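Next come the chains, spelled out residue by residue.
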Amino acid sequence: GAGVSQSPSNKVTEKGKDVELRCDPISGHTALYWYRQSLGQGLEFLIYFQGNSAPDKSGLPSDRFSAERTGGSVSTLTIQRTQQEDSAVYLCASSLWASGGAGNEQFFGPGTRLTVL
Amino acid sequence: GDSVTQMEGPVTLSEEAFLTINCTYTATGYPSLFWYVQYPGEGLQLLLKATKADDKGSNKGFEATYRKETTSFHLEKGSVQVSDSAVYFCALLSGGSYIPTFGRGTSLIVHP
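Quick mapping for you: the protein sequence lines, in order, are chains P and S.
Each residue of the first sequence is one higher than the one before, starting from 1 at the first, in our numbering.
Each residue of the second sequence is one higher than the one before, starting from 1 at the first, in our numbering.
Derived from the structure by calculation, the hints contain no laboratory data.
Being a predicted model, the structure only gives us computed values, none of them experimental.
C-beta: ideal position from N, C-alpha, C; glycine also.
Keep in mind that a hint or two might mislead.
From chain P, some residues computed to sit far from chain S (all C-beta separations above 10 angstroms) [unchecked claim]: (1) V19; (2) I26; (3) S27; (4) V74.
Here are some, though not all, of the chain S residues that point toward chain P, as calculated from beta-carbon distances under 10 angstroms [as the list claims (entries may be wrong)]: (5) S32; (6) F34; (7) Y36; (8) G41; (9) E42; (10) Y98; (11) F102; (12) G103; (13) S107.
The task is simple: from the sequences and hints, build the whole structure.
The structure is reproduced here in structure tokens:
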């Protein structure tokens, strides 16, 4: 079956513009995560969805970042008024469910590389 | 809170050498433990996992054993290949948590 897909794969934008990043999780996966990976860095957690609700938004770095998920499926991460420090790879992951135990491994998309000029 | 500590990289090896990447963790309760691998230009993919103490996860010649007494989950491979060059992430998910905790990643470079 299809894995997690993300679009676009690359996005170059000018400082101050808004961008939307899209994630299509694996069908039937209830949990969806967004991470940011800066060059040479580990994963920075941004936000987690369980179904359409986001119980944990604690990782969003500022109010310029927002995310939504509709129909328990597709998710969009929006960055308003982009800054150069937003340049990174944005990774989306989904899992069957979120809590500990079997079946909780994450399946990652290939990422969107965002470059803010 | 939960934390994962991995050895600093990069780890540079010759082909067919033995690989160990250390991972230790701090967590409440009995977490599930994971190793993910990220090949250049790609997202992370699950390499192996273990869900309880003394479990051994294995895949593609890689192994890791869940050691509760030493809170460790070291990744090993007997004979690495050039194609194993990637970044390896150790991660845990505690039973009461919904957010996995990842280590910072260890870059592995294998030379022919």
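Comparing the hints with the structure gives:
1. The Cβ of P:V19 sits about 19 angstroms from the closest Cβ of chain S, beyond the 10 angstroms cut-off, so the non-interface label holds.
2. For P:I26, the non-interface assignment is confirmed: its Cβ lies about 13 angstroms from the closest Cβ of chain S, beyond the 10 angstroms cut-off.
3. With a minimum CB-CB distance of about 18 angstroms to chain S, P:S27 clears the 10 angstroms threshold, and the non-interface call stands.
4. For P:V74, the non-interface assignment is confirmed: its Cβ lies about 17 angstroms from the closest Cβ of chain S, beyond the 10 angstroms cut-off.
5. At a threshold of 10 angstroms, the smallest CB-CB gap from S:S32 to chain P is about 5 angstroms, leaving the interface hint in force.
6. For S:F34, the interface hint holds, since its Cβ comes within 10 angstroms of a Cβ in chain P; the closest pair sits about 6 angstroms apart.
7. For the restraint placing S:Y36 at the interface with chain P, the shortest Cβ-Cβ distance is roughly 8 angstroms, inside the 10 angstroms limit, so the hint holds.
8. Checking S:G41 against chain P: minimum C-beta separation of about 8 angstroms stays under 10 angstroms; hint holds.
9. Because the closest C-beta pair between S:E42 and chain P is about 6 angstroms apart, less than 10 angstroms, the hint holds.
10. Taking 10 angstroms as the C-beta contact cut-off toward chain P, the hint placing S:Y98 at the interface holds, the least distance being around 4 angstroms.
11. With 10 angstroms as the threshold, the beta carbon of S:F102 comes within range of chain P, its nearest partner Cβ sitting at about 5 angstroms, so the hint holds.
12. Interface hint status for S:G103: upheld, as the beta-carbon distance to the closest one in chain P is roughly 7 angstroms, under 10 angstroms.
13. Checking S:S107 against chain P: minimum C-beta separation of about 9 angstroms stays under 10 angstroms; hint holds.
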